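> So you can see what is in the structure, the chains are spelled out below.
There are 2 protein chains.
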Amino acid sequence: MQDTHISLAHGNGGRYMRELIEEIFAKHLSNPELDVQADAVPLLLAEGECMFTTDGFTVQPLEFPGGNIGSLAVHGTTNDLAVAGAIPKYLSLNAFIEEGLEISTLDRIIKTLAETAAEIGVKVVAGDTKVLPRGEGGGLYLATTGIGVRHGHVLSMKNIQHGDAILVSGPVGDHGIAVMLAREAFGLRGDLQSDAASVLDLTTAAMQYKNLRFMRDPTRGGIATVCSELLRATGMGIRLMQDQLPVRDAVQSVCDMLGYDPMYLACEGRVVAIVKNIDANKLLKTWRSIDKGLEAAIIGHIDSELDQVIMQTEIGGERIIDELEDDPLPRIC
Amino acid sequence: MQDTHISLAHGNGGRYMRELIEEIFAKHLSNPELDVQADAVPLLLAEGECMFTTDGFTVQPLEFPGGNIGSLAVHGTTNDLAVAGAIPKYLSLNAFIEEGLEISTLDRIIKTLAETAAEIGVKVVAGDTKVLPRGEGGGLYLATTGIGVRHGHVLSMKNIQHGDAILVSGPVGDHGIAVMLAREAFGLRGDLQSDAASVLDLTTAAMQYKNLRFMRDPTRGGIATVCSELLRATGMGIRLMQDQLPVRDAVQSVCDMLGYDPMYLACEGRVVAIVKNIDANKLLKTWRSIDKGLEAAIIGHIDSELDQVIMQTEIGGERIIDELEDDPLPRIC
Numbered sequence: 001m002q003d004t005h006i007s008l009a010h011g012n013g014g015r016y017m018r019e020l021i022e023e024i025f026a027k028h029l030s031n032p033e034l035d036v037q038a039d040a041v042p043l044l045l046a047e048g049e050c051m052f053t054t055d056g057f058t059v060q061p062l063e064f065p066g067g068n069i070g071s072l073a074v075h076g077t078t079n080d081l082a083v084a085g086a087i088p089k090y091l092s093l094n095a096f097i098e099e100g101l102e103i104s105t106l107d108r109i110i111k112t113l114a115e116t117a118a119e120i121g122v123k124v125v126a127g128d129t130k131v132l133p134r135g136e137g138g139g140l141y142l143a144t145t146g147i148g149v150r151h152g153h154v155l156s157m158k159n160i161q162h163g164d165a166i167l168v169s170g171p172v173g174d175h176g177i178a179v180m181l182a183r184e185a186f187g188l189r190g191d192l193q194s195d196a197a198s199v200l201d202l203t204t205a206a207m208q209y210k211n212l213r214f215m216r217d218p219t220r221g222g223i224a225t226v227c228s229e230l231l232r233a234t235g236m237g238i239r240l241m242q243d244q245l246p247v248r249d250a251v252q253s254v255c256d257m258l259g260y261d262p263m264y265l266a267c268e269g270r271v272v273a274i275v276k277n278i279d280a281n282k283l284l285k286t287w288r289s290i291d292k293g294l295e296a297a298i299i300g301h302i303d304s305e306l307d308q309v310i311m312q313t314e315i316g317g318e319r320i321i322d323e324l325e326d327d328p329l330p331r332i333c
Numbered sequence: 001m002q003d004t005h006i007s008l009a010h011g012n013g014g015r016y017m018r019e020l021i022e023e024i025f026a027k028h029l030s031n032p033e034l035d036v037q038a039d040a041v042p043l044l045l046a047e048g049e050c051m052f053t054t055d056g057f058t059v060q061p062l063e064f065p066g067g068n069i070g071s072l073a074v075h076g077t078t079n080d081l082a083v084a085g086a087i088p089k090y091l092s093l094n095a096f097i098e099e100g101l102e103i104s105t106l107d108r109i110i111k112t113l114a115e116t117a118a119e120i121g122v123k124v125v126a127g128d129t130k131v132l133p134r135g136e137g138g139g140l141y142l143a144t145t146g147i148g149v150r151h152g153h154v155l156s157m158k159n160i161q162h163g164d165a166i167l168v169s170g171p172v173g174d175h176g177i178a179v180m181l182a183r184e185a186f187g188l189r190g191d192l193q194s195d196a197a198s199v200l201d202l203t204t205a206a207m208q209y210k211n212l213r214f215m216r217d218p219t220r221g222g223i224a225t226v227c228s229e230l231l232r233a234t235g236m237g238i239r240l241m242q243d244q245l246p247v248r249d250a251v252q253s254v255c256d257m258l259g260y261d262p263m264y265l266a267c268e269g270r271v272v273a274i275v276k277n278i279d280a281n282k283l284l285k286t287w288r289s290i291d292k293g294l295e296a297a298i299i300g301h302i303d304s305e306l307d308q309v310i311m312q313t314e315i316g317g318e319r320i321i322d323e324l325e326d327d328p329l330p331r332i333c
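For the record, the sequence lines run as chains A and B.
Numbered as in this note's numbering, the first sequence ends at 333 without a single skipped number.
Numbered as in this note's numbering, the second sequence ends at 333 without a single skipped number.
Check each hint, because a few of them may be wrong.
Intra- or inter-copy, both count: the list cannot distinguish identical chains.
[Stated by the list, open to error] Distance condition first, Cα-Cα at most 25 Å in a straight line; then the derived DMTMM-like pairs of lysine to aspartate or glutamate: (1) Lys210 with Asp35; (2) Lys292 with Asp261; (3) Lys210 with Glu314; (4) Lys158 with Glu63; (5) Lys158 with Glu33; (6) Lys27 with Glu325; (7) Lys292 with Asp326; (8) Lys158 with Glu305; (9) Lys282 with Glu102.
Calculated from the structure, these hints are not laboratory results.
Note that this is a predicted model, so its numbers are computed, not measured.
Chain A extracted, bound-state conformation (with noise of 0.2 Å):
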C-alpha cells in the first residue's frame, strides 16, 4: 500500500479496499476463523448459554494515555460480557473510518485491538470498513459486537434486595479524566492513565459467590448512572459513603479545579457489584488479592426506605445524586 492517508477510494470495495484489509485488518486480527473472504463465518461455541452485546465508540482523542480506541473497543464490549456473568469468545468489528486519517494511525490502533483481544482470549471473526467523507478531522468510529458463553448463575438487578452492598473495584474517573487531559483543552497536563482494561479476572472472580446479585461496569455516566439505573429498575433507593469511594489525588485535583464530580465520570476498568450484606466483606477480600482490584471498597447499601440515591458526604451532610442531565465531557468512549 503506497498511501499515507486514507481516501474514498478505500471505501470503494474495490483494489484500495481489499489492500486496506489485507495490509491491516487482516495482518493483524488473523485467525483461524476469521475468513476475510466469506460474508459470514461459523461460531465454534462452547457448552453453554450464548451472550451477545454490542457497543459503540467514538472517543476524541483516538489515543490517549493507557489505551486507544482499538483497546477501547474490545474492553467496553468484553467488560459488557463479562459483568453479565459470561467468557467472552468472539467479536465482529466494525470500523467507520475518515478520509484523511493516517494509515499509520490506523494500523497502530489496529494492532492495540488484536493485542488486546489476545490478551483476553477473545478473536475477531467478523468486521467490515466503510470511509466517511473528510469532516471535522474526528478519523475513526469503531463498533465491536461481542458473543459470549455464560458460566455460573443468572445475574439480574431483579435479584436485588433490600441491605445488599454495593461495591467498586477500584479508583473512579480515571478514564474521563485521562481522556479530557490528554485533550489539553483547559491547558491542563498530567500523567494520568486511563484505568481502560478486562475485568475478566474480577468478574470470573466475583461469580463464585452464589449471593453475587448484579454486576455492571460503569462506563458513561460512571458510578451515578449505574445507581440511577439501579433505583429506576428495582425501585429501592441507594445510600452511598462519600469517604469510602475511592478516587485517585490526581482525579479528585481535576474534578476539584474544574467542577466535576468523580460520581459521573466515565471509567473502563472498573466493576460495580451488588451482593448479599453478608458475602460482601468476602467479596473485597477475594478482588483486594486481585491486581486490578487492590482498592476495592464497599460504597454503599440498597436500601428500600428510600426512594433516591443519597450520598453521606465526608462532612456528615447528605446530597442526591441524580441522573445525568448534561454531559460533563462528550465522546469519552
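Given the coordinates of chain A, work out where chain B should sit on it, guided by the hints.
Chain B only, in chain A's frame:
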C-alpha cells in the same frame, strides 16, 4: 421528549440518552429478548451451526426511493447470512448519530428498520447509540451484526469447479443508480427504486440444489467485484456474456449518460450463485418462479483456461473486467 433535533446531550449516558432510547429505539424494536437494561442478553439458538457477520452503513442520502439506511442495515447483514446458507435470527444495532439530525427522521428510519426486521423474522436484541459532534451533516451511520443458523450443506468458494454456471437473480445496479438519482447530483431525476430487499427466499430455494457451490450478494463494487473475488480465490477465470446480463433500461440510460458500467454498480437485493452446470437451468427455473427472481439469468461460466474475467460484448468483442480502482459512487451502502 421535547427536542426536535439531536444534541450532544443525547449521547451522554444520562436522562436525554435514556429518553431517546426509550422513545425511539425501544419503542420500535420492542421484543421479549431486547432488554435495554442489560449489559448482554442471552440468545436462544435453534439446533445448527451458528453463523456470524457484520456490516456498516453510510448511505447518503439517508432516505431514497425503495428504502432508507434502516432497511438497508437489516437487508445488508441478513443477506450476508442468507447467501452463506443461514437463516438470520438475531441482530445487534449500533447507531452513530450526528448532532443536528432531525429526531423525526431518526424515528422514521428506526421504524422502517424494525418493520424490515419483523418481515424477515430477525430480532434486534442488542444496541448502542453514540452521538457525534456536528460534522458535514451526514446525519447517521449504522452498523449491524447478525447471527444465523446454518441449514443444508456448506457453501464455499473452494467448491467451485471449471464449467460451473454463474447466475444472477435479477437486474443489476438498481440500488446504485436509485441512490445516485436521490442525490440529484447531476441534475438528474428518475423514478427508479432501489432493489434493497431480503434475498432469503431466493437463497433458501437455491439451497435445495446440492450442486450449489457458493452464493454472494453483489453490493459495493457490484458483479464485477464478485467476479474479481472469485478469480482471486479460485485461480480460475470467468467468461461472462453481456447480452445475458439483466440491466433495466433506466439504469442503462443513466450509465450511458454518465459513463458508469452496470457491472460495478451496487445491488442490495440480488444474489450471484455458482452452481454445477447441469443444475443451472433448474436453479434458473426455480428462481424465476419466485417474485424476486422473475428476471434471473445465467450470465456466464467458470473457465479454468482463463486467468481473467472476460466479458463477451453484445457486438461480438471481448473486454476484460478488472478489479475496481476508482469509486464511481461513494457512500452507496
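> Each hint should be assessed against the structure and marked as holding or not.
Against the structure, the hints:
1. Lys210 with Asp35: between (40 Å within a copy, 23 Å between copies)
2. Lys292 with Asp261: within (23 Å within a copy, 57 Å between copies)
3. Lys210 with Glu314: For Lys210 and Glu314, the Cα distance exceeds 25 Å both inside one copy (33 Å) and across copies (73 Å).
4. Lys158 with Glu63: neither (38 Å within a copy, 41 Å between copies)
5. Lys158 with Glu33: between (37 Å within a copy, 16 Å between copies)
6. Lys27 with Glu325: between (43 Å within a copy, 22 Å between copies)
7. Lys292 with Asp326: neither (31 Å within a copy, 49 Å between copies)
8. Lys158 with Glu305: within (17 Å within a copy, 66 Å between copies)
9. Lys282 with Glu102: neither (49 Å within a copy, 51 Å between copies)
Violation of the numbered hints given earlier is confined to hints 3, 4, 7, 9; the remaining hints are satisfied by the structure.
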